[in-house]
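S.K.: One letter stands for each residue in the lines below.
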Amino acid sequence: MILEHPIPPFFEWIGPAALNWLLAVAALTALALLISFIMLLVRRGSQQGVKAMGAVISDAWQDLRYFSWKRCGAMALLAIRESIRKKVVVVCVVFLVLLMFGGWFLDPGSKDPARLCTSFVYQTTTYLVLLLALFLSALSLPNDFKTKTIYTIVTKPVRASEIILGRILGVGAIGTVILLMMAACSYFFVSSTLKHTHVLNDNEDLTYVTDEDPSSLPPDTVVAKGYTRLANGHKHMVEKYANGTLRVLEENKHTHAIEQVTEGDMIRYKIGPAQGAMQAKVPVYGKIKFRNADGFERERGINVGEEWEYRSYVAGATDEAIIWTFENVTPAKFANGLPVEMTISVFRTHMGNIEETIMGALYVRNPVTGLTAETHVFNSEKYTTKALHIPVEIDKSKVKNRPWLVKKTNDKASFEATPVADLPQKETYNVFEDFVVDGKVEIWLQCLDSQQYFGAAAPDLYLRSADANVFFNFVKGYLGVWQQMLILISFGVLFSSFLSGPVAMVSTFGILVAGFCKTLFLDIAHLQALGGGPIESFNRLVTHENMMVDLPNTFSTHLGQAFDHIAAGFLSIIGLALPSFSDFNYYADCVANGYNIPLNAIIVHLVTTLSFVCPLFVAGYVVLRNREAAKQ
Amino acid sequence: MGTEPDVIVEKTASDVTVEKTESDVIVETKNLTKTYRDFWGRQKVRALKALDLEIRRGEIFGLLGPNGSGKTTTIKLLLGLLFPTSGEVNILGRPATDVSKNERLGYLPEESYLYRFLNAEETLDFYGRLFKIPGAVRRQRVDQLINMVGLGSARKRQLREYSKGMTRRIGLAQALINDPDLILLDEPTSGLDPIGTRNMKDLILQLKEKGKTIIMSSHLLGDVQDVCDRVGILYQGELKELGRVEDLLKVVEQTELRVSGLSDDAKKKIEKIIEEDNSKLLFCGNPTTSLEDLFHDIIAESEARPGKRVRGGENAK
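Chains as they are written, first to last, in numbering that gives the first Met the number 0: chain A, 0 to 631; chain B, 0 to 316.
No lab work stands behind these hints, which were simulated from the structure alone.
Source: prediction; values computed, not measured.
Hints are supplied without guarantee of correctness; some may be wrong.
Between beta-carbon pairs, the in silico distance windows are [as the list claims (entries may be wrong)]:
1. B:PHE38 / A:PRO107: 55 to 63 Å
2. A:GLN61 / B:ALA49: 45 to 53 Å
3. A:PRO501 / B:ASN66: 55 to 63 Å
4. B:ARG36 / A:THR553: 42 to 50 Å
5. B:GLU160 / A:VAL505: 47 to 55 Å
6. B:GLY149 / A:ALA25: 31 to 39 Å
7. A:ASP522 / B:ARG36: 40 to 48 Å
8. A:MET52 / B:ARG243: 17 to 25 Å
9. A:VAL505 / B:PHE38: 12 to 20 Å
10. B:GLN42 / A:GLN61: 30 to 38 Å
11. A:LEU519 / B:PHE38: 50 to 58 Å
No residue lacks a Cβ here, since even glycine has one placed at the ideal position from N, Cα and C.
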């Protein structure tokens, strides 16, 4: 799974993140106070303006002091009742219809059907739930103003904070219930779509590859091969071994259990349901570094000229290597050895025989003594996930007396090689005793073919610890949608506290779109986007100018660029308050790619969500508190 | 969260709420002015001009005036629904923008602005929750109020199915859910049939008997005359008249006699006495009842004796 911006551990992240948040909130609060104060001065004069500003602060203190969760709950209950009576359940019906017919358009023969199905359900759910949240949050409060029901609310001892938070919680609660219903339907849909079995007939489907008596052959010798019958758009290769056992080989990222049943003279094969189609792998990631041909440590490897610099490369048939250092590797965690999974990028400088894959080697290495064992030599195909297993006991034939130490600096004096004689001489080496030091171990990867390259980023190789519960992980995947929904609801309620329903809805929708394209938005705000800022881009559109060409050196061009610089300042401030909705796709990506969603990511995203919800709630409160509920 | 500044009240034997900490003036406005402005801050209408008003505990105060005179604006300012352009409003000893004043306040808007997707029970339960009334008390009060406004048979129906009169009644019930000390009624008889109007007026008088203070706005003079102790007459945002109803309505220079069974001789004698006093007899005849009273008499009589009603008059045979 590609992790361009890996989620840092919570305690590393929270400090700088909190500081950024405080700065952003302080900047936006100062701006809001300044604008409000200027408006009060203009409308009420200096004396009244200052008095009104003081009243706002004093009222806020009173409202905070006498905030009641009971009243807030009553407001939330009202929002829930309103949603139910206005038949929001229709959204669930739409979702069910999409699931019923969506299956028709999903390719059953896909190479990764689990990913296809989960992506489909997550995307559908995201769109529907966010649209629902948009409508409910943006229209509810303006409707109260329009129908004047707000009169009977604000003349009760309800505080503006309770109205705003009640709306957020009420709409959030109804959205949560709908999301859970959709999650249940989605899980049923995905599991029923992936559920299948195959038929295999002994005489028709299996071809015996040897005439020898199987009992005279080693038990793991393949005696027959064949394919199952087509089901769900694919077949599996089946191998029968000399000891009579059978194995269904992996196809479309799953396999099946197979059992031979003998009934008199008849032999039948019973193939079980798909196994491993949905997974919740728990990866343990390490830190990556690169060793160049001279033995020096580098943060990055070779740039093979690809624009996307996510991965870095090492050359084949040299001493170059990609090194992952893992921590907290204990026998308790990995009792059966180290299960390594990797997705390596292969860059060919010449095609050679296109049918042939590129050879690579995997090593496990003691980070202190330099004891190294070449555990696997493998064929690598581009972007396919390869699973290799480093056993607990490693035969001495695999251990290389090559103390491949990595130099820390370019200073040759610091290069220290561990003497070969100091390495323990054993018949078999134990991974945890001989290669792991204080829980640390290194995994090295080399490309063995000359003039070919292996490329990787840190998340491309990991140790796979015990898998998590698939269903629970699937449900956790909806946390991403839930958090997006809460942020969107908070924006919707804020806008609805001072805008009319349609305008609030459009504004919230604008936040949604801008939030999904935050990177582009910030590029525009920082004048880094191709084609310049808003005015310059418009100029290019009108004059049909290419984005790469410099505009003519005229007064109007300079004027436009000056406006763009001013606009960039405003856009940068807005950018601070803009949530990056696409970050929350991490959850769906994890589930679709078969990875467990780590608790750390959930906590980081939850805190991020709250960092938006809380200031938006406060802003909504301030606006509503200082708004006249009635009109002329 | 802090404990809310609940008003200190003590119930007397007659169930009259007496406040220890406040003076008898329940509502006070000083130089209260409201100017409506457009989006750009330009003045549109000056709806209320320097209103000075004091309303005392236990009285029924009527705000009178034609449409657009500033009655509703005044009520909205008292409730804190609008902010004054200048001047001050104090209700129950607190500024109008102070939310805690609403603890002891009930408000019936001009039209019952209620959630139409709720039924009567849910509506009252919701408003009861906003006052943090405990569950058992709330249920009891909901039942009591639903029965009081005569909506027992429609308590489970959503308000969208209610007639205007029924909506007004449930609106009144929500205004009384907290057993308020001060009740603001904006056009309370609007949309009610004559029976409903009479019931509303009776209820207002009952509330007064319980020691409640009531402020009502109306342009129906008869209603105001029937129930109000004092009235203020607004015209184009200015208070034109303020005083007790009987004082305002008293025509000091005229005297009206109402006598039953007066003979023609006696009538002549009275006319003679008036002549001797150098006064002028303007009218002498049978007094007439109001149309409203007549209607209620007819209804009462019809309910007592169902069937075709026959009464004296030129059509009687």
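S.K.: Out of the numbered hints, which ones does the structure contradict?
M.R.: Hints 2, 3, 5, 6, 8, 11 are the ones this structure does not satisfy, whereas the remaining hints hold.
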